[in-house]
Amino acid sequence: MAMQPHGGAGRAEFLACDPLSSFRAMLFLRRFEERAGQMFAMGLIGGFCHLSIGQEAIAVGMRQAAHPGDPFIASYRMRGHLLASGADPRAVMAELAGRRDGLSRGKGGSIHMFAPELDFFGGHGIVAAQASIGTGLAFASAYRGDGKVCVAFLGDAAADQGQFAESLVMAQRWALPIVYVIENNQPRDGWNRLALADRGAAFRIPGEEIDGMCLASVRDAGTRALDWARAGHGPTILEMRTERYRGHSEAEPGKYRGGEKKAAPAPDPIARLRAEIVEAGLASDAELRRVDAEIRARVADAAEAAARGAEPAAAELMTDILL
Amino acid sequence: MITHVLMPALSPQMKSGTLVRWLVEEGEAIEAGDILADVETDKATMEVEAAVSGVLLRILVSEGENVAVGAPIAAIEPTPERPAQVRAPEPARRQPEPAPVARLTVREALRQALAEEMRRDDSVFLLGEEIGAYQGTFRITQGLLEEFGPKRVVDAPIVEHAFAGLSVGAAFAGLRPVIEFMSFNFVLQALDHIVNSAAKTLYMSGGALNCPIVFRGPNGASARVGAQHAQDFSAWFAHVPGLKVVAPYTAADAKGLLKAAIRDPNPVVFLEHERLYGESFDPPADPEALVEIGVAAIARSGEDATLVSFSRGVALALQAAEQLAGQGVAVEVIDLRTLRPLDMACVIESVARTGRCVVVEEGWPQGGIGAEISARLMEEAFDLLRAPVRRVAGRDVPAPYAANLEALARPQVGDVVAALESVLYL
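Residue numbers (my numbering), protein chains in the order written: chain A, 25 to 347; chain B, 701 to 1126.
Since the hints were made in silico from the structure, they are not lab data. It is possible that some hints are incorrect.
Selected chain B positions facing chain A (Cβ under 7 Å, derived; list incomplete) [as the list claims (entries may be wrong)]:
(1) Phe-848
(2) Pro-857
(3) Val-859
(4) Val-868
(5) Asn-896
(6) His-939
(7) Ser-1001
Only a predicted model underlies this, so the values are computations on that prediction, with no experimental measurement involved. Note that beta-carbon positions come from the ideal geometry of N, C-alpha and C, so glycine has one too.
Next comes chain A alone, as it looks inside the complex:
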């Protein structure tokens, strides 16, 4: 593998909870996704590209709340969770471009990436698949008694899927250590998307509605839910109210949401933290701009390497089918 560690955000960077580290972490996810959007527009990324711009506080906050070893699993809108788990951004960008150095060696694509050595279990293209697979990761932790808690991220629409309700049946019955994080990015039609935190009520599964645009709120709620599960009390649903600034995917700009792009609303998680940092005198505006420039350079390095990278060898076609 040609990936160099200098391209990696590094896992420690995503575990530190201080304001500056948190700012860097969220800004890194945003710049990465912005660049991915550009790469898609340039035709370097095929198929889909579901960006999570606006939702950075959730991935970073839950990673900060979780213990090392707690498994994460997500949908196709998962690069934030993957990068926050410490995946090498060069490998992620190379996968987006379908290159041999990609995280899935070019065979997965934007929605199928896995990093089990970092406790990240995908990357699932079927809506709500991660709800039941994540319940299985939690089942394994309970089976072994290893004290790990699974964090399964779902979109608001995935909470409507039958297998989410089926998963709740089992999670409740066996008091499985799992936190279901519903990233409610609030489609404009408002249809059936309220009170997702209450979806577990019939199963006596506690739910909480959280400001998903506030890193501290996410981290605090995540810590409570993870502690609850680790103490053997079973599952929790955290509904994170958030905003996705872009369409459902870059192939489908989401005009149904009432406009392709809207101005970032006031509580942008990164702008909010940035203001707090400056106000508290932890860093100057100029220093934060330098941080941004460093991050942009790292992302550009990953993007340029991906653009230049070689496609998989033809012999790769028929490998990795069976072990």
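Given the coordinates of chain A, assemble chain B onto it according to the supplied hints.
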């Protein structure tokens, strides 16, 4: 007039059952509707009620004894004021069953495989509907809850979609789930995870994440259950890269292949057959032996025609071969045992000698296993063929309920004989 209480039939295909325990004693006065005894089959347990009031004169079958359906199990004297000498019942039940001389049923073979692999590897667990306290709908898991406890023999709610997904997550985390579907007809609810999650992840992850799961249960024809409980899904799973698909016939293969499937690092679909569970076969020579997945077996040797089948189809094939042996025709029967990867080398080696091939399956003909083998023979062994390949399959129709229509919809020995005669130009 003495009335006999007869062994009831608990299901249409039931031939015999076990008398579990008597709830009354000889000489006891009973009322019509009183529960006399518990009886059970591999599928169900039922209470036997008294049809008339009177005195229970004689218990004819002891507890634990296996009794043919319709055989008398007790005698009742409906006029209690005149207790008479008990008349011995008709002697049908008195014929002692031949002692099973070290024969092994498919059910017991599967149970042994599960238990042995669970003893060997703590990461193996069973999950399915009614597999624990109820002992399994077909009694495959009988006794396993008692030995391994509820942590490793997990009664699942009826949520096939999500428990298939749960098994994928558990396998991702390094466990070895063995998932029982009460019937493979319910697998359609779970097909998404078997195909999209279990079969594809190794490829989609570039080899980073494998998914060792066994999805097992009865597949194919069952008697008088109609269209939604009797479908054969063999060809559906055999279509999917990333899966291994196994469909054994004999007890020894069932055991050795299930043990191999549990140890396999890939997802394995293990197709059993309800109507083979009670069939007895010679036990494996080495009870601990694994049977390699992907290798067919010659079930009967012959030089005149090749008959290819799997699962219960092998029974039809062997009967047809026996019939033709009476006409001096030597038919070779190949038991595929595994449907993916398909052991075409074995089939072609046989066809190289016989020049003729018939494929037998219970499933629908279009896009079936027979269609695949026929196409592969045409592509890879055309010059060896001396007659067109023939398929014998289930009829192209949802399974009907009426007994006569059901028989018409399923391949029969006569169909296999006719197909053999056609390829032999007899």
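Inset, instruction - May I ask which of the numbered hints given earlier this structure violates, with the numbers listed in increasing order? - result: When the structure is compared with the hints, numbers 1, 6, 7 turn out to be violated.
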